[in-house]
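2 protein chains.
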Amino acid sequence: MFQSQLQDAAGLIEARLMEALADAADQPVTHAMRYAVAGGKRLRGFLVIEGAALYGVPADHAVHAAAAIEAVHAYSLVHDDMPCMDDDDLRRGQPTVHVKWDDGTALLVGDALQTLAFDLLADPACHPDPGVRIDLVASLARASGIDGMVLGQAQDIAAETAGRPLTLAEITELQANKTGALIRWSAEAGARLGRADIAPLSSYATALGLAFQIADDILDVEGDAEKTGKRVQKDADAGKATFVSLLGLDGAKARAHALVDEACEALAPFGARADILRETARFVIARET
Amino acid sequence: MFQSQLQDAAGLIEARLMEALADAADQPVTHAMRYAVAGGKRLRGFLVIEGAALYGVPADHAVHAAAAIEAVHAYSLVHDDMPCMDDDDLRRGQPTVHVKWDDGTALLVGDALQTLAFDLLADPACHPDPGVRIDLVASLARASGIDGMVLGQAQDIAAETAGRPLTLAEITELQANKTGALIRWSAEAGARLGRADIAPLSSYATALGLAFQIADDILDVEGDAEKTGKRVQKDADAGKATFVSLLGLDGAKARAHALVDEACEALAPFGARADILRETARFVIARET
Numbered sequence: 374m375f376q377s378q379l380q381d382a383a384g385l386i387e388a389r390l391m392e393a394l395a396d397a398a399d400q401p402v403t404h405a406m407r408y409a410v411a412g413g414k415r416l417r418g419f420l421v422i423e424g425a426a427l428y429g430v431p432a433d434h435a436v437h438a439a440a441a442i443e444a445v446h447a448y449s450l451v452h453d454d455m456p457c458m459d460d461d462d463l464r465r466g467q468p469t470v471h472v473k474w475d476d477g478t479a480l481l482v483g484d485a486l487q488t489l490a491f492d493l494l495a496d497p498a499c500h501p502d503p504g505v506r507i508d509l510v511a512s513l514a515r516a517s518g519i520d521g522m523v524l525g526q527a528q529d530i531a532a533e534t535a536g537r538p539l540t541l542a543e544i545t546e547l548q549a550n551k552t553g554a555l556i557r558w559s560a561e562a563g564a565r566l567g568r569a570d571i572a573p574l575s576s577y578a579t580a581l582g583l584a585f586q587i588a589d590d591i592l593d594v595e596g597d598a599e600k601t602g603k604r605v606q607k608d609a610d611a612g613k614a615t616f617v618s619l620l621g622l623d624g625a626k627a628r629a630h631a632l633v634d635e636a637c638e639a640l641a642p643f644g645a646r647a648d649i650l651r652e653t654a655r656f657v658i659a660r661e662t
Numbered sequence: 374m375f376q377s378q379l380q381d382a383a384g385l386i387e388a389r390l391m392e393a394l395a396d397a398a399d400q401p402v403t404h405a406m407r408y409a410v411a412g413g414k415r416l417r418g419f420l421v422i423e424g425a426a427l428y429g430v431p432a433d434h435a436v437h438a439a440a441a442i443e444a445v446h447a448y449s450l451v452h453d454d455m456p457c458m459d460d461d462d463l464r465r466g467q468p469t470v471h472v473k474w475d476d477g478t479a480l481l482v483g484d485a486l487q488t489l490a491f492d493l494l495a496d497p498a499c500h501p502d503p504g505v506r507i508d509l510v511a512s513l514a515r516a517s518g519i520d521g522m523v524l525g526q527a528q529d530i531a532a533e534t535a536g537r538p539l540t541l542a543e544i545t546e547l548q549a550n551k552t553g554a555l556i557r558w559s560a561e562a563g564a565r566l567g568r569a570d571i572a573p574l575s576s577y578a579t580a581l582g583l584a585f586q587i588a589d590d591i592l593d594v595e596g597d598a599e600k601t602g603k604r605v606q607k608d609a610d611a612g613k614a615t616f617v618s619l620l621g622l623d624g625a626k627a628r629a630h631a632l633v634d635e636a637c638e639a640l641a642p643f644g645a646r647a648d649i650l651r652e653t654a655r656f657v658i659a660r661e662t
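Here the protein sequences line up with chains A and B, keeping their order.
Counting in our numbering, the first sequence runs from 374 upward without gaps.
Counting in our numbering, the second sequence runs from 374 upward without gaps.
Read the hints as simulated data drawn from the structure, not as lab findings.
These figures come from a predicted structure and were not determined experimentally.
Incorrect hints may appear among the rest.
No copy labels: a pair is met if it fits in one copy or bridges any two.
Unchecked claim - Taking lysine to any residue and the SDA-like style, the derived pairs with C-alpha atoms no more than 25 Å apart in a straight line are:
1. 473 <-> 453
2. 626 <-> 391
3. 473 <-> 520
4. 626 <-> 638
5. 613 <-> 399
6. 473 <-> 532
7. 473 <-> 622
8. 473 <-> 457
9. 626 <-> 576
10. 613 <-> 623
Next up, chain A with everything else stripped away, as it sits in the complex (with noise of 0.2 Å):
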């Protein structure tokens, strides 16, 4: 059930982003963004999209913001991967971008897919509403720069030339930034196209964000690189702090059981309605990739 949700939703999510680019000039760097967007687990749209289905907006209509957040995220994965920073060649089990084409095509293709979230959030068929539209951009630019996503990879830059380990409390905020605040927004994006209070998706998604990130440090411990389709064990091979090396594999899969339980209480106002938001957050640290 709810993988077949999640996998609906990302075909939804693929075929907007798709739309968007079909259009595109015959250039090495519009294949280069459609192979960026391939793909992934989608689970930021897809956290947009069942955000918005408790505020009764339909699928159909919340795909746009949906699809602007994973090119968000496409964005960052592509710029991330290349030389200058983790020089990664492995991303979904294929060739990075800068691999498969070159460092140039990288960095224009993240630059372009920044663009176009801001693209497919200013389209009137992202919702009626001017005013919702605007508050979408702000949040997300918010989310995105340099008060968020990367402030958390400035900081991330920062820690590898601190010349000691960074604490809990320091990592805690690290990731807030660096992967926390676009799951923040994608959550609360749905109770911003349903014109609603965001504080209890906010919470939800804070909770669910950090969840995320524990299960990822696992993932770098415990995972397979086939099955994850990235290389795994870097983060202890380049002997950085990690939620592991801090409290422990059996601490940290406490913690991130215990935030998965916080992240479901924050839903309670929405009662049944919600599971499939609750069942997210018991995937988010079962995953396997």
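Since the structure of chain A is already known, use the hints to place chain B on it.
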């Protein structure tokens, strides 16, 4: 008069950009963002402010959109200068961001400056009407993404491997995307802020944008690296087709003058109130940097 108005606008725009970055975390990437947005002629921002003035929008209102386009321009320069693109060490007479910091920082600086542009446009201070703000966001996304500036950059890269120099029609289209789209957006933004028809300013800016690029090609041949603050003769050294190689130096100058006349004619509906924009057009082909 013209120079002092350009400088006044530049001061307003720089102040708005620095204000936007005032509360950013103390990280190298934040310092590098401030460095990247400092200085420059602010021609694009000036077009926003002077275009808006034609519709009675005061400079302290138009400055937000002006700062946004300068943030996009700065992002494009930082990414363009990177080793995987043009590999330039010098910009406005100063070391480029990837030289002064490193490639990873330059990547994040460009990414966050693009985000900042949409943040500035989404801010209620930009315009009280959310419909105007979302119109600015949508049009900027079109101008800067895969249908605009990034397409022009992709066409520029493709030209290098085409095995033959570009034709005049091809280079005109390339430049209309690569540099023309942002210049057009800048002038049109004034009409958008005034909720007016963008057609007159659009015609003005289309001619101006092409004149600007022809002047750039002339500067690349005749310019002085000390005055321009960047490497000259780089297109000729690279054997790239330019307006000068296609039209000859005299032919390029004649074309630039004709385009300036065309730009000025498009301002006829505004009478003498548009004299400053006429001076701007003449400045664009007379500048030494």
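Hint by hint, here is what the structure shows:
1. 473 <-> 453: both (15 Å within a copy, 21 Å between copies)
2. 626 <-> 391: For residue 626 and residue 391, neither the intra-copy (37 Å) nor the inter-copy (43 Å) Cα distance is at most 25 Å.
3. 473 <-> 520: between (32 Å within a copy, 23 Å between copies)
4. 626 <-> 638: within (19 Å within a copy, 70 Å between copies)
5. 613 <-> 399: Between copies, since 22 Å is at most 25 Å while 42 Å is not.
6. 473 <-> 532: between (30 Å within a copy, 20 Å between copies)
7. 473 <-> 622: Cα proximity of residue 473 and residue 622: none, with 35 Å in one copy and 40 Å across.
8. 473 <-> 457: Close inside one copy (16 Å) and across copies (15 Å); limit 25 Å.
9. 626 <-> 576: Intra 20 Å, inter 62 Å, cutoff 25 Å: intra-copy only.
10. 613 <-> 623: within (18 Å within a copy, 60 Å between copies)
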